[in-house]
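The lines below spell out each chain.
Protein chains: 4
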Amino acid sequence: MSEIKLLTEKVLAFRDERDWKQFHNSKDLALSLVLEATEVLEIFQWKQGMADIDGVATERKQDFADELADVFCYTLLMANDLGIDLGKALEAKIEKNNAKYPIDKAKGSDKKYTEL
Amino acid sequence: MSEIKLLTEKVLAFRDERDWKQFHNSKDLALSLVLEATEVLEIFQWKQGMADIDGVATERKQDFADELADVFCYTLLMANDLGIDLGKALEAKIEKNNAKYPIDKAKGSDKKYTEL
Amino acid sequence: MSEIKLLTEKVLAFRDERDWKQFHNSKDLALSLVLEATEVLEIFQWKQGMADIDGVATERKQDFADELADVFCYTLLMANDLGIDLGKALEAKIEKNNAKYPIDKAKGSDKKYTEL
Amino acid sequence: MSEIKLLTEKVLAFRDERDWKQFHNSKDLALSLVLEATEVLEIFQWKQGMADIDGVATERKQDFADELADVFCYTLLMANDLGIDLGKALEAKIEKNNAKYPIDKAKGSDKKYTEL
Numbered sequence: 001m002s003e004i005k006l007l008t009e010k011v012l013a014f015r016d017e018r019d020w021k022q023f024h025n026s027k028d029l030a031l032s033l034v035l036e037a038t039e040v041l042e043i044f045q046w047k048q049g050m051a052d053i054d055g056v057a058t059e060r061k062q063d064f065a066d067e068l069a070d071v072f073c074y075t076l077l078m079a080n081d082l083g084i085d086l087g088k089a090l091e092a093k094i095e096k097n098n099a100k101y102p103i104d105k106a107k108g109s110d111k112k113y114t115e116l
Numbered sequence: 001m002s003e004i005k006l007l008t009e010k011v012l013a014f015r016d017e018r019d020w021k022q023f024h025n026s027k028d029l030a031l032s033l034v035l036e037a038t039e040v041l042e043i044f045q046w047k048q049g050m051a052d053i054d055g056v057a058t059e060r061k062q063d064f065a066d067e068l069a070d071v072f073c074y075t076l077l078m079a080n081d082l083g084i085d086l087g088k089a090l091e092a093k094i095e096k097n098n099a100k101y102p103i104d105k106a107k108g109s110d111k112k113y114t115e116l
Numbered sequence: 001m002s003e004i005k006l007l008t009e010k011v012l013a014f015r016d017e018r019d020w021k022q023f024h025n026s027k028d029l030a031l032s033l034v035l036e037a038t039e040v041l042e043i044f045q046w047k048q049g050m051a052d053i054d055g056v057a058t059e060r061k062q063d064f065a066d067e068l069a070d071v072f073c074y075t076l077l078m079a080n081d082l083g084i085d086l087g088k089a090l091e092a093k094i095e096k097n098n099a100k101y102p103i104d105k106a107k108g109s110d111k112k113y114t115e116l
Numbered sequence: 001m002s003e004i005k006l007l008t009e010k011v012l013a014f015r016d017e018r019d020w021k022q023f024h025n026s027k028d029l030a031l032s033l034v035l036e037a038t039e040v041l042e043i044f045q046w047k048q049g050m051a052d053i054d055g056v057a058t059e060r061k062q063d064f065a066d067e068l069a070d071v072f073c074y075t076l077l078m079a080n081d082l083g084i085d086l087g088k089a090l091e092a093k094i095e096k097n098n099a100k101y102p103i104d105k106a107k108g109s110d111k112k113y114t115e116l
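Chains as they are written, first to last, in my numbering: chain S, 1 to 116; chain X, 1 to 116; chain L, 1 to 116; chain H, 1 to 116.
Keep in mind the hints are simulated off the structure, nothing from the lab.
Treat the hints with caution; some may be incorrect.
If chains are identical, the list can't say which one is meant, so a pair holds when it fits in one copy or spans any two.
Below, computed lysine to aspartate or glutamate pairings styled on EDC-like, alpha-carbon distance capped at 20 Å [said to hold, decoys possible]:
1. LYS5 to ASP70
2. LYS88 to GLU9
3. LYS10 to ASP85
4. LYS111 to ASP28
5. LYS88 to GLU3
6. LYS5 to ASP85
Everything numeric in this text was worked out from a predicted model, so none of it was measured.
Please put together the full structure from these sequences, using the hints given.
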């Protein structure tokens, strides 16, 4: 079994043991995905300058691991419930982005593809 | 190579080809992670009731695949840059949640662990 | 002095007494605005159905007052720092939305203006 | 009539003319509040360093005015629907923050009150 499939099985088992599928319609999963993503961002609140940002990245590595795991958990649950193969979706998105951001135009630029 | 490692290599190759690492400090990656998560949520804006929510889940499946892929992409980049093994982080978080939400107390409840 | 101007003076006084302007570049204010908005949303996490939503709206009214105040505080600070008159900006936006969502087309519809 | 009350009347009139109260339960208003707050933040995506941040603040002032107006609009609607006086809520929150962040401890510090 692929790694993503295996991890999905684990979060589904956690959910099923608690009978939580009833709360997990896709809209509420998306809401929780946003809440977890902002918990990642919150760790950087008021941190300015590379020294501070790198400092907090090291000091609070465990918190980042926990919060990124929560984001990943909701991403896996949503993908599962919507019938999306997350690995394939990412590979397809990289292909799209390759077309939107051709290397010769995008290299070293922070512009959106609409402005390239 | 594990699936997550392989996908990480692909997003890193995409980034390196464009020389975008310079823009990707961890704070700005976290900011983009939040923006992508809200793009998932936006698809459900004003959708109410299970019929509408399930309807949009089907009709806009490709949009969800693209937006979840973006969320996954930034999760992989952050984990890579912070030196976090995302698969292990998720397994460790499931263990923590097993302790925070014991099955006999959490089953069928939507309460936070602080209220169980 | 107008009410919004007066409230802006109060939050500026709070900030200046603590010498916090140094942390308040507009990007970091926008980041905090998002964090506070998600704290409003978090109160509704896993609440489904009108009975639950209305229930939490009543039970946690003080929490909503505090979180909306935080959102308003950062909105006032950003508007002030960017030289924006918030009251006029809102009136101008209502005018724009009047044009984007003409009553005869938008009445009773949850569609985006691009789909009307 | 106070300025905030007057602006609230205007956004309520806009809503009532379109019969949109039916879509505006408080949870969905909170969701839209988050989406609008992230649209403010998105303008700063990948902008780094004070020169870039100040530059975009000037160049895209009208976009900021529009997005902050949207945030303010949803804040007013939520406060109205929840029976909250937004001006009083802000003044009460400033009082609370005065106690949480005493000037002698908080001056010049970016720490959370729990760490002061």
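Verification of the hints:
{"no.": "1", "hint": "LYS5 to ASP70", "verdict": "both (17 Å within a copy, 19 Å between copies)"}
{"no.": "2", "hint": "LYS88 to GLU9", "verdict": "both (17 Å within a copy, 15 Å between copies)"}
{"no.": "3", "hint": "LYS10 to ASP85", "verdict": "both (16 Å within a copy, 17 Å between copies)"}
{"no.": "4", "hint": "LYS111 to ASP28", "verdict": "between (33 Å within a copy, 15 Å between copies)"}
{"no.": "5", "hint": "LYS88 to GLU3", "verdict": "both (13 Å within a copy, 11 Å between copies)"}
{"no.": "6", "hint": "LYS5 to ASP85", "verdict": "both (9 Å within a copy, 17 Å between copies)"}
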